[in-house]
Amino acid sequence: MKTYEIIDHTADIGIKAYGETIEEAFENVAKGMFDIITDNSHIDSIGEYMIELEADDLEQLLVDWLSELLFLSSTYNLVFGFFDVKIGDKKLSAIVRGEEYNLDKHKMGVEIKAVTYHMLEVHTTKPIYVQVLFDI
Amino acid sequence: MTWNGPLNKIDDFRYEIPSSYRGVKNNLHMKTSAIIYATEDMIPQIRKDNAPEQTANMATLPGIVGKAMAMPDIHWGYGFPIGGVAATDAEEGVISPGGVGFDINCGVRLVRTNLHINDLDKKKIHSLVDELFRNVPSGVGSKAKIKVSSQELDEVLVSGARWAVEHGYGWKEDTEFLEENGCLDYADPSTVSIKAKQRGAPQIGSLGAGNHFLEIQKVEEIFDREVAKVFGIEDIGQIVVMIHTGSRGLGHQVCSDHLQVLERAVRKYNIWLPDRQLACAPVKSSEGERYFKAMACAANFAWCNRQMIVHWVRESFEKVLNTPAEDLGMHIVYDVCHNIAKLEEHEINGRKRNVYVHRKGATRAFGPGRSEIPMKYRDVGQPVLIPGDMGTESYLLHGTRESEETFGSTCHGAGRVMSRAEALRHFRGQTIVEQLGGKGIYVHPASLKVAAEEAPDAYKNIRSVVDAVHGAGISRKVARFVPLGVVKG
Chain W
1 MKTYEIIDHT
11 ADIGIKAYGE
21 TIEEAFENVA
31 KGMFDIITDN
41 SHIDSIGEYM
51 IELEADDLEQ
61 LLVDWLSELL
71 FLSSTYNLVF
81 GFFDVKIGDK
91 KLSAIVRGEE
101 YNLDKHKMGV
111 EIKAVTYHML
121 EVHTTKPIYV
131 QVLFDI
Chain Y
1001 MTWNGPLNKI
1011 DDFRYEIPSS
1021 YRGVKNNLHM
1031 KTSAIIYATE
1041 DMIPQIRKDN
1051 APEQTANMAT
1061 LPGIVGKAMA
1071 MPDIHWGYGF
1081 PIGGVAATDA
1091 EEGVISPGGV
1101 GFDINCGVRL
1111 VRTNLHINDL
1121 DKKKIHSLVD
1131 ELFRNVPSGV
1141 GSKAKIKVSS
1151 QELDEVLVSG
1161 ARWAVEHGYG
1171 WKEDTEFLEE
1181 NGCLDYADPS
1191 TVSIKAKQRG
1201 APQIGSLGAG
1211 NHFLEIQKVE
1221 EIFDREVAKV
1231 FGIEDIGQIV
1241 VMIHTGSRGL
1251 GHQVCSDHLQ
1261 VLERAVRKYN
1271 IWLPDRQLAC
1281 APVKSSEGER
1291 YFKAMACAAN
1301 FAWCNRQMIV
1311 HWVRESFEKV
1321 LNTPAEDLGM
1331 HIVYDVCHNI
1341 AKLEEHEING
1351 RKRNVYVHRK
1361 GATRAFGPGR
1371 SEIPMKYRDV
1381 GQPVLIPGDM
1391 GTESYLLHGT
1401 RESEETFGST
1411 CHGAGRVMSR
1421 AEALRHFRGQ
1431 TIVEQLGGKG
1441 IYVHPASLKV
1451 AAEEAPDAYK
1461 NIRSVVDAVH
1471 GAGISRKVAR
1481 FVPLGVVKG
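Residue numbers (our numbering), protein chains in the order written: chain W, 1 to 136; chain Y, 1001 to 1489.
None of these hints come from the bench; they were simulated from the model. Just so it is clear, CB atoms sit at the ideal spot from N, CA and C, and this is done for glycine as well. It is possible that part of the hints are untrue.
[As the list claims (entries may be wrong)] Straight-line distance between alpha carbons at most 20 Å, and here's what the computed PhoX-like set of lysine-lysine pairs gives:
#1 Y/Lys1218 x Y/Lys1439
#2 W/Lys2 x W/Lys126
#3 Y/Lys1218 x Y/Lys1123
#4 Y/Lys1293 x Y/Lys1195
#5 Y/Lys1143 x W/Lys107
#6 W/Lys31 x W/Lys2
#7 Y/Lys1449 x W/Lys105
#8 W/Lys105 x Y/Lys1143
#9 Y/Lys1376 x Y/Lys1229
#10 W/Lys107 x Y/Lys1449
[Stated by the list, open to error] Anything over 12 Å on all C-beta distances counts as not near chain Y; from chain W, calculated:
#11 Lys31
#12 Asp89
#13 Ile128
Next comes chain Y alone, as it looks inside the complex:
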């Protein structure tokens, strides 16, 4: 299908769906215009699915503040498109699980090392990848290596990454370098169903499947040496580790449970919506508040999850290289979530306002000076981590003051252009693994099928996505990484 609606070019990086697109006097008219961040060459691909219509749908949400926005990695999603960003008023607005996604706090974490590519030969890289594959549970239905009681799980939901560190998974300094310090403090486990907890408990500390990965990467290019240095990235060839995963079954169940509740709330509060999957409730309603608190629990679960994985990554490096992780300088650079809604303060038309910022497949990218950023980074802006798809490249960016126009948000990744079935028709898993091997990338997939489904050509080109947000100024390039070894769930 092709979307044929109006996309007016504002500049080289911004396209607008005017607020008049849906008419002006009806229940489903757009309350504001919608902006899609993209370059001209990306527009035909963006028009290929119904994602622009979904961006227009976002503009109909009650209490929306500013514009409805979509990042260059925009593609079709349930409710909001993937790449969607919208802020709603903290008093009069609504909150929508469709603006967060099923995988609550799906996110990315970057660990630096003192290692250089010259320190690792092919054999060592293979050993590291195989050890990571053994040490970090991955794949469909991957299960935890540890058992948590229901009381312990509640503690995880309340304290997030801190729980992991307190229980020996990681270093004391770690939580300082996570978005929100790895914990949303309004989490309330009583809003999470027993089912969600049962589903989550056996999956804590697991990578999962699909597009989630664990990669050993090397620094291939540095765009901004000064900022890179602040983030602990010093040299071309430096080794880093990237982790991409979320809240597993717990987050999926929280989303499913609350979608059902909010479906009924839509009728109760007489909210008009163009799409059932935009189900939402007023932020001050009990339904809205309960979703928000449950979402925070799932977010905390995800931070704890990534924290445990970092611990096992350090363990694996220690074992294979026979050197303590401290001596390898394996500090966390940062951790971002790209499926989340948060209560934040933003300056809108010169006035400070509290808003609920929904980021669905979008990353927070706060500029210099904001108090949410660790002191060490505050002068240069928040580190932003953009994972590529399997075997291509990933990026480190930094937040800018200009990102206030997107409520401090930027892109999150590449985005699929080909369905899994289509990818399976086009590619063979074995061939993909061999081709990547030929490029010096060692892939250990949970199955060959997943290697074919996640083939690099099934995704949008990450480089054009990053160039578009860089060009628009809503974040800036710092460094580019290429993978050496991939653990694929």
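Just chain W, same shape as in the assembly:
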């Protein structure tokens, strides 16, 4: 099964990510985001972060989840390739693994500025998917 697809947009770029569960869709959209940032480079699991988030609804939780990863990436020069997400009652807890971004090892993809609310979608019944557009 396809894990995600890229949404082509004139000025920007988006992802529609699928999953058997909503957790899996959240994991796949994160994977897709780092594929965009590193141009599909392999990312080793060298370090680990725990992420805990709470939001008013699943859409906001999706924006917060990706924004948090973007913040960690942009501030500490990290990229992530492994995601284990648990979602319950508008709360998300996740373990993410990755490593320092290194131009000798990783390719240079696109710099993502922010996660936007445009075309934002969380579909919790089959087919389960999440959709998001980034400002780049």
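Given the coordinates of chain W, assemble chain Y onto it according to the supplied hints.
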């Protein structure tokens, strides 16, 4: 998709979406009409995405003053279209991050030199570009060469370009030739989240990626010799340097943080909006005021950023040409921001009023006489800098009195017509670099992929954009530059 709404031709350069377009008696009706500045041949392209609908959306904002407007480089954006200009009342209006953009104070700076193309051979140009590439951090996640403490970062957010000059990055005269002298004085670092500061600190003094660039250019054409001379542009073939970058991760995070707050404010203040990304708050509300102060911090960060880059540009020229930058006459011509909201005084229906002017992908273009313009330029109007896309051409314009109809605003650049993925399907990075090389333009991209994504044909023709604002009279052409060397993030 195609937008099929009404676009009534007013004259050769102005098209109107009438205020009746959304009906008259509902919560989302247009409070004023919308004007798109464009020539007839540009209209089919403009109708290709939903940007005209977004221009109509701007006209629904509470407290909008005058018309909702879009410049000829209009294309789809989050909330406002890119190229959108709207003013809201300083008492009753709203302020919206969607009217500024994620890259707060993305802007352009132009540095002149005494050098002439005859002074530089191909080898020297290559050396200059390679030295700039080494000296100015660029590319995805590009990091600062210097470390600032959290206290120093707060100082940057308060004093902008001045901080850089005081710390040895630049000349004392530099800040005189920046929009707002490189500092918005209502900045308050307590409104900027710790996250935004953490994200910004390691990126200070970096070019970034995407459409941002650093170019060595030569003057190719002078349209108005008198005004050009006032701006320090004297000869065809004269060498100049153009810098295009913004507030990096700090500005993006400020926008994201405050969008979330304003999303809730929309419900709290019972504001009706046709698009979630137009989230806004009354200018006098704590949410609105806090965004405005945080936005000013990000703007100051961007001015400091461009100031440090200018310093390294001068350093690079000094090293390669073995001549002091002062002797090379490397003065700043001007610095403009094209993603910003500002409290300004404008004459509306014969009455002076204070308004918040949102310029999103639009450049301030004040006409002669305004006190905001440096004394040296005040008789001819503000210099306006319009960057082209990689390897085409860029423009120097000047502001006019006629630009009062756009609250002293004009276009900002070319604007994409092709998505990055589409560009990658159409172009190969290596071919683009070679083709530009054949035209005498040396490109040093951070990656070949970015060269393909930023291929000249992925953008609107800058010449038609500039001709449209020139024709409309909201700014006038002074000079045209072509690149010789490009550092691409």
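Hints versus structure:
1. Y/Lys1218 x Y/Lys1439: Satisfied, since the Cα-Cα distance of roughly 13 Å is no more than 20 Å.
2. W/Lys2 x W/Lys126: Holds - the C-alpha atoms of W/Lys126 and W/Lys2 are around 15 Å apart, at most 20 Å.
3. Y/Lys1218 x Y/Lys1123: The hint holds at about 16 Å.
4. Y/Lys1293 x Y/Lys1195: Holds, at about 16 Å.
5. Y/Lys1143 x W/Lys107: This hinted pair holds, its Cα atoms lying about 16 Å apart.
6. W/Lys31 x W/Lys2: holds (13 Å)
7. Y/Lys1449 x W/Lys105: holds (16 Å)
8. W/Lys105 x Y/Lys1143: holds (17 Å)
9. Y/Lys1376 x Y/Lys1229: holds (11 Å)
10. W/Lys107 x Y/Lys1449: holds (10 Å)
11. Lys31: holds (18 Å)
12. Asp89: At roughly 20 Å from the nearest Cβ of chain Y, W/Asp89 sits farther out than 12 Å, so the non-interface label holds.
13. Ile128: Holds: least Cβ distance 23 Å, greater than 12 Å.
In this structure, none of the earlier numbered hints is contradicted; all agree with it.
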